[in-house]
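Q: With the hints as constraints, model all of the structure from the sequences given.
There are 2 protein chains.
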Amino acid sequence: MGRWEPDARGRLAQAALELFLERGYDATTVADIAARAGLTERTFFRQFSDKREVLFGDPAAYFATFTDAIASAPAAAKPLEALSAGLDAATAAFAGMHPYARLRQSVIDANAPLREREQIKRAHLVDELSEALRRRGVAESTARLTAELGAVAFHLAFQRWVQAEEELDLTALTREVLAELRAAAA
Amino acid sequence: MGRWEPDARGRLAQAALELFLERGYDATTVADIAARAGLTERTFFRQFSDKREVLFGDPAAYFATFTDAIASAPAAAKPLEALSAGLDAATAAFAGMHPYARLRQSVIDANAPLREREQIKRAHLVDELSEALRRRGVAESTARLTAELGAVAFHLAFQRWVQAEEELDLTALTREVLAELRAAAA
DNA sequence: AGCATCGATGTCAGGATCTGTCATCACTTA
DNA sequence: TAAGTGATGACAGATCCTGACATCGATGCT
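Residue numbers (my numbering), protein chains in the order written: chain Z, 416 to 601; chain V, 416 to 601.
Do not take every clue at face value.
Put simply, identical chains are the same to the list, so a pair is met inside one copy or across any two.
[To be verified] Here are the simulated DMTMM-like pairs of lysine to aspartate or glutamate, each with C-alpha atoms no more than 25 Å apart in a straight line:
#1 Lys536 x Glu496
#2 Lys466 x Asp483
#3 Lys536 x Glu582
#4 Lys466 x Glu437
#5 Lys536 x Asp441
#6 Lys493 x Glu437
#7 Lys493 x Glu581
#8 Lys493 x Glu555
#9 Lys493 x Asp542
#10 Lys493 x Asp465
#11 Lys536 x Glu433
#12 Lys466 x Glu496
In case anyone wonders, no lab produced these hints; they're calculated from the structure.
A: Next comes the structure, spelled out in C-alpha cells:
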C-alpha cells in the first residue's frame, strides 16, 4: 500500500465516467479527471496508456471469462460447441450490470475515439477466442473462422441487450443471434 | 488549379508511405511528411483528419465498389447472394494491387494506431454493407447479420491474400472463406 | 485591361495528449 | 534504525491537432 487513498485506478475510472457524462468526452481533459480523483495527470497515464482506456477495464480478466469456459468444455465438444460454452459463461457474468452498461454505452456511442476503442476490444476478443480454440487442438483456420463468428454473435447480442430498456437475458440473446447467424449463412 | 504543384493529397500519401517504410510510423512526424511533400503541417491536417488517415484512401469510392454491386444484384437475389455479388465486385477491383497491398500492409501491421484504423474501416464496411442490403428491402436484423458475415469473409480472405507471396485470386479466396464460414456455422 | 472573388495554402498561436526523468514519501524488511 | 521498494508528484518537452487570419494565383465579370 502507498501513503495515499487506495484504488487510484478505480477512482480515476469513476471520475472519468462522471465527467464524460457531465460535459462530454472531448470537453474533459485528462487533467480534469486526475484532479477529481485527487491525482495528477502523470498518474493517470501510469494507470491507463490512453485517455480512452479509462472506460475499458482489465482486459485479461474480461477475456478470461470467455477463454476459461472454452478451455474447460468437454474434450469431445466441436469448435462451435466449445465457443458456445465460452459465450454462455461470459454473457452470464453480465447479469445485473445492465444499468451500468447502458450508462457506459451512452458515453461510448457519443464519441468516436471510444467507439474506435470498442472495435479494438472486439478484435482482441477474436484473437483470444481463436487462441483458446487452438489450445483445444482446433486448426488455425477453423479457429479464426469460429472465433470471428463468436465475436459477431456476442457483439450483436450485446448491442441488442444494451438497447433494450429492461434487462434481458444476455446469454439467451447471444444464443438466438448465433442461431440467426447459422440461418443467415445457410 | 492552384498556384502550387497539383495533387497535394497524393503527394502527402506517397511521402507518408515512404517515410513510414524508411523510419517507421512513430519516428515520422506529420511535419516530416509535409516537408517531403513540399507542404506544411497545417495542409496535411486539411487533407487528412488524422495522421493515420494518410494510408487509407477515399472511403466513399472504396465502399461503393461493394454497395453498387449489391444494389444492382437481381431483385430476386437473397441477402447472402446480393452480398456475394458485392464481394465479387469489390475483390475484383484489387487485381494487380498485390505488391502495393503487401507493402502497405507491412506498415499497418507494424503499428498499433494503423491496425486500429483498419478495424474502424472494417466497422464502417459493415455499416455500408448493412445499409446497402436494407435498401434492397432486407430487414434490419438480417441485414446486420449478413453484413457482419460479409465483413468477416472479406477480412479473412484479404488477410490470406496479403500473406501469400504470389498474387492469388482474391475473389476466389473470398468465396472459399464464405463457404468455410457456412461450414463452421453449420 | 482591370477588378472582385474564390479556393488552396501558409503563418502563427495555442491547447491537449503522452513520455522521460528525477525527486519525494510512506511502508516494508532486515 | 537504516536501506529498499513502489507509487506518486513535479517538471520539461515532443507531437498531434485546431482556430484564426494572411497570402497569392486562377477565374470570371465588366
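Q: Look at each hint and say if it fits the structure.
A: Here is what the structure says about each hint:
1. Lys536 x Glu496: Close inside one copy (23 Å), not across copies (30 Å); limit 25 Å.
2. Lys466 x Asp483: For Lys466 and Asp483, the Cα distance exceeds 25 Å both inside one copy (29 Å) and across copies (38 Å).
3. Lys536 x Glu582: within (23 Å within a copy, 31 Å between copies)
4. Lys466 x Glu437: The answer is within: 17 Å in one copy meets 25 Å, while 29 Å across copies does not.
5. Lys536 x Asp441: Result: close both inside a copy and across copies, 21 Å intra and 22 Å inter.
6. Lys493 x Glu437: Neither. Shortest intra-copy (48 Å) and inter-copy (46 Å) distances fail the 25 Å Cα cut-off.
7. Lys493 x Glu581: For Lys493 and Glu581, neither the intra-copy (34 Å) nor the inter-copy (34 Å) Cα distance is at most 25 Å.
8. Lys493 x Glu555: Intra 14 Å, inter 31 Å, cutoff 25 Å: intra-copy only.
9. Lys493 x Asp542: within (19 Å within a copy, 31 Å between copies)
10. Lys493 x Asp465: neither (39 Å within a copy, 44 Å between copies)
11. Lys536 x Glu433: within (22 Å within a copy, 30 Å between copies)
12. Lys466 x Glu496: Answer is neither; intra-copy 37 Å and inter-copy 42 Å both fail.
This entry does not satisfy hints 2, 6, 7, 10 and 12, going by the numbered hints stated previously.
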